[in-house]
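Number of protein chains: 2
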Amino acid sequence: MSASFTIALDAMGGDNAPAIVVKGADFARRRFPGVRFRMFGDQAIIRPLMKRRKRLREITEIVHTEDVISNEMTVSVALRKGRQSSMQLAINSVRDGEAAGVVSAGNTGALMAIAKLTLRTLPGIDRPAIAAIFPTIRGESVMLDLGANVECDAENLVQFAIMGDVFARTVLGTVDPTCGLLNVGSEEMKGHAEIQQASATLREMGDAFSFHGFVEGDDIAAGTTDIIVSDGFTGNIALKTTEGTARLIKEFLGDAFRSSLSSRLGYIFARRGLRKMRDRIDPRRYNGAVFIGLTGIAVKSHGGTDAFGFANAIGVAVDMAANGFNDKITEGLEAFGRFKPGPVEAAAS
Amino acid sequence: MSASFTIALDAMGGDNAPAIVVKGADFARRRFPGVRFRMFGDQAIIRPLMKRRKRLREITEIVHTEDVISNEMTVSVALRKGRQSSMQLAINSVRDGEAAGVVSAGNTGALMAIAKLTLRTLPGIDRPAIAAIFPTIRGESVMLDLGANVECDAENLVQFAIMGDVFARTVLGTVDPTCGLLNVGSEEMKGHAEIQQASATLREMGDAFSFHGFVEGDDIAAGTTDIIVSDGFTGNIALKTTEGTARLIKEFLGDAFRSSLSSRLGYIFARRGLRKMRDRIDPRRYNGAVFIGLTGIAVKSHGGTDAFGFANAIGVAVDMAANGFNDKITEGLEAFGRFKPGPVEAAAS
Chain V
1 MSASFTIALD AMGGDNAPAI VVKGADFARR RFPGVRFRMF GDQAIIRPLM KRRKRLREIT
61 EIVHTEDVIS NEMTVSVALR KGRQSSMQLA INSVRDGEAA GVVSAGNTGA LMAIAKLTLR
121 TLPGIDRPAI AAIFPTIRGE SVMLDLGANV ECDAENLVQF AIMGDVFART VLGTVDPTCG
181 LLNVGSEEMK GHAEIQQASA TLREMGDAFS FHGFVEGDDI AAGTTDIIVS DGFTGNIALK
241 TTEGTARLIK EFLGDAFRSS LSSRLGYIFA RRGLRKMRDR IDPRRYNGAV FIGLTGIAVK
301 SHGGTDAFGF ANAIGVAVDM AANGFNDKIT EGLEAFGRFK PGPVEAAAS
Chain X
1 MSASFTIALD AMGGDNAPAI VVKGADFARR RFPGVRFRMF GDQAIIRPLM KRRKRLREIT
61 EIVHTEDVIS NEMTVSVALR KGRQSSMQLA INSVRDGEAA GVVSAGNTGA LMAIAKLTLR
121 TLPGIDRPAI AAIFPTIRGE SVMLDLGANV ECDAENLVQF AIMGDVFART VLGTVDPTCG
181 LLNVGSEEMK GHAEIQQASA TLREMGDAFS FHGFVEGDDI AAGTTDIIVS DGFTGNIALK
241 TTEGTARLIK EFLGDAFRSS LSSRLGYIFA RRGLRKMRDR IDPRRYNGAV FIGLTGIAVK
301 SHGGTDAFGF ANAIGVAVDM AANGFNDKIT EGLEAFGRFK PGPVEAAAS
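Here the protein sequences come in this chain order: V and X. By the numbering used here, the letter at position 145 of the first sequence is numbered 145, and the numbering carries on one by one without gaps. By the numbering used here, the letter at position 29 of the second sequence is numbered 29, and the numbering carries on one by one without gaps.
Pulled out of the complex, with its shape left as it was, chain V reads as follows:
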């Protein structure tokens, strides 16, 4: 890909910022030739980190900012005091068309609120959602909402489904992705009113949209569908439960390999295979939760990630920008009759 656009980076957000941001940008530069960066942060700290990175310097414009939104700030404080912060100014540059997307590893709540207020929602979208990619037994799936909306009505869920469809096609490259609604059972009558109404609406969208029906918690990792749609409360808990379970098993697995001399030896023999496995579920590979449904692309990197993880978050923003993600959401809304009453496009399923 020889994309040619600019990504805004909040250099001051994240546990090890700006070092991981600079180093991550340098990784991403090699992976995505043609991409340029606008890096917002304290130039006195950033410049020395760029010293030995000549190529990165050539494609990066540093925009000096004094203020930083810390992780400890509440959303209201961040909104009030963060007007000149690296995060706000990076988001502004997307609004102003200077950058195609923004990546930040900073305060999640603040990023969500500022992005929403600054970028606004896309026409036809009532609420933005947080989406992320999950590893599954079958490959990769996208799940949303992961926490932007604690409560959702049926129409929100339907919009999430359409945005998820565009995400799966655009970022994951899935052909005719299938979509499931997260519920407590697969039978029609299961769940609360919002989810039943959303299911009915998605069924009515016909063959152009591959609605699988309800899926359960274990279908996420099974990869039963390419898209999992949920309200933000449930989705957030599913996401974090996955992380917690993976950590538990990692801990128990460590205990198993330390339990005897023979087991330690076994670990040494199996090490290479185990590393491959670790890579398959490496959280850094799946770094980059996306706020979708806004007029600009905003990607949230995990706060504790390293440069490799940050580069992956940049990669998500690049994929979305390069593939015209937001235009495709608008097209999707129109195609499924959720935007304006136009003709429903018939697509091969």
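Watch out, some of these pointers could steer you wrong.
Note that the list lumps identical chains together, so a pair holds whenever it fits in one copy or between two copies.
[To be verified] When the alpha-carbon atoms are kept at most 20 Å apart in a straight line, the in silico DMTMM-like pairs for lysine to aspartate or glutamate are as follows:
hint, residue 1, residue 2
1, K190, D218
2, K250, D282
3, K190, E72
4, K190, D153
5, K250, D279
6, K51, D26
7, K276, E251
If you are wondering where the hints come from, they were derived from the structure by calculation, not from laboratory data.
Please arrange chain X on chain V, whose structure you already have, making use of the hints.
Leaving out everything else, chain X in the frame of chain V:
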């Protein structure tokens, strides 16, 4: 323990019933001397299975039933047509005081509905909940509700917390268990109105109840609290997400060990340690979801379990019966002022 009471068994429920029920009862008999069984099912099938189990025969009364509630039946059909079923009659025997508790591996929805209608809720409890034990990095925790109530108000959640407290003390033997409310963040203002109201009420219960505050999805496996309280929708999805994630990692781990000759060799050396690990998260060990809040003890075994798993589900019922679980719930409701306006007991925390 030399408990002396009777457990009713639905011999016809479960994928491999009645074989796993008979064999599971025989395992449980050895573990819990003094326990007797009333086994409800088709005696023409059960009797041959009992032939070589003299000791089990001595403590088991077979109650012949013709009808069976299948897994495919909807709840309404099960209620209408299942009046003479093994499940209904087994539950009746708890209602009639002939058995201290009932265990079934049959249709979950039917068991829930029949148990609720037949046994009714305990005084002071508005809705029963499903509780189960989870393995954690720190040991074991109990989580509820896992699916009995799709929507819950604040008072339901408070009652679940008190029932969870009694469960942790009674079944897990935890001294002064801590309780967390499952939410999307630990800050006070996170989540929806019901959960915030429940949190405020639990805080007001004072030192006698160790309320930790909000916990997130990853706190379940971390064992941050001994009790995790949730509405049934979220709890069910967390439970099944855990199962799905464990299956995904097991699959990837298998791939890792099969990936090369060296890895295969590594597996052989580490096998014993890995088996220990597998035992720690063996779903059969954690078999036995309990409907709590009813006037009788009702335990749901996983439908696909084997005799070992079924014996563990019997074990949960035995633990609860032996420890006067339901009396303790009533005491708990009184102690925390949720039942009648009595004095709040001060307990050391």
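Verification of the hints:
1. In this homomeric assembly, K190 and D218 come within 20 Å of each other (Cα to Cα) only inside a single copy, at 16 Å, whereas the closest approach across copies is 26 Å.
2. In the homo-oligomer, the alpha carbons of K250 and D282 lie at most 20 Å apart both inside one protomer (12 Å) and across protomers (15 Å), since each shortest distance falls under that limit.
3. In this assembly of identical chains, the alpha carbons of K190 and E72 lie at most 20 Å apart only when taken from different copies (15 Å versus 40 Å within one copy).
4. When the C-alpha separation of K190 and D153 is checked against a cutoff of 20 Å, the pair qualifies both within a copy, at 16 Å, and between copies, at 19 Å.
5. Taking the closest pair of Cα atoms, K250 and D279 come within 20 Å of each other both inside a single copy (13 Å) and across two copies (15 Å).
6. For the homomeric pair K51 and D26, the shortest alpha-carbon distance inside one copy (12 Å) is at most 20 Å, but the shortest distance between copies (74 Å) is not.
7. Within a single copy, K276 and E251 get their C-alpha atoms as close as 18 Å, and across copies as close as 13 Å, so both meet the 20 Å cut-off.
In this structure, none of the earlier numbered hints is contradicted; all agree with it.
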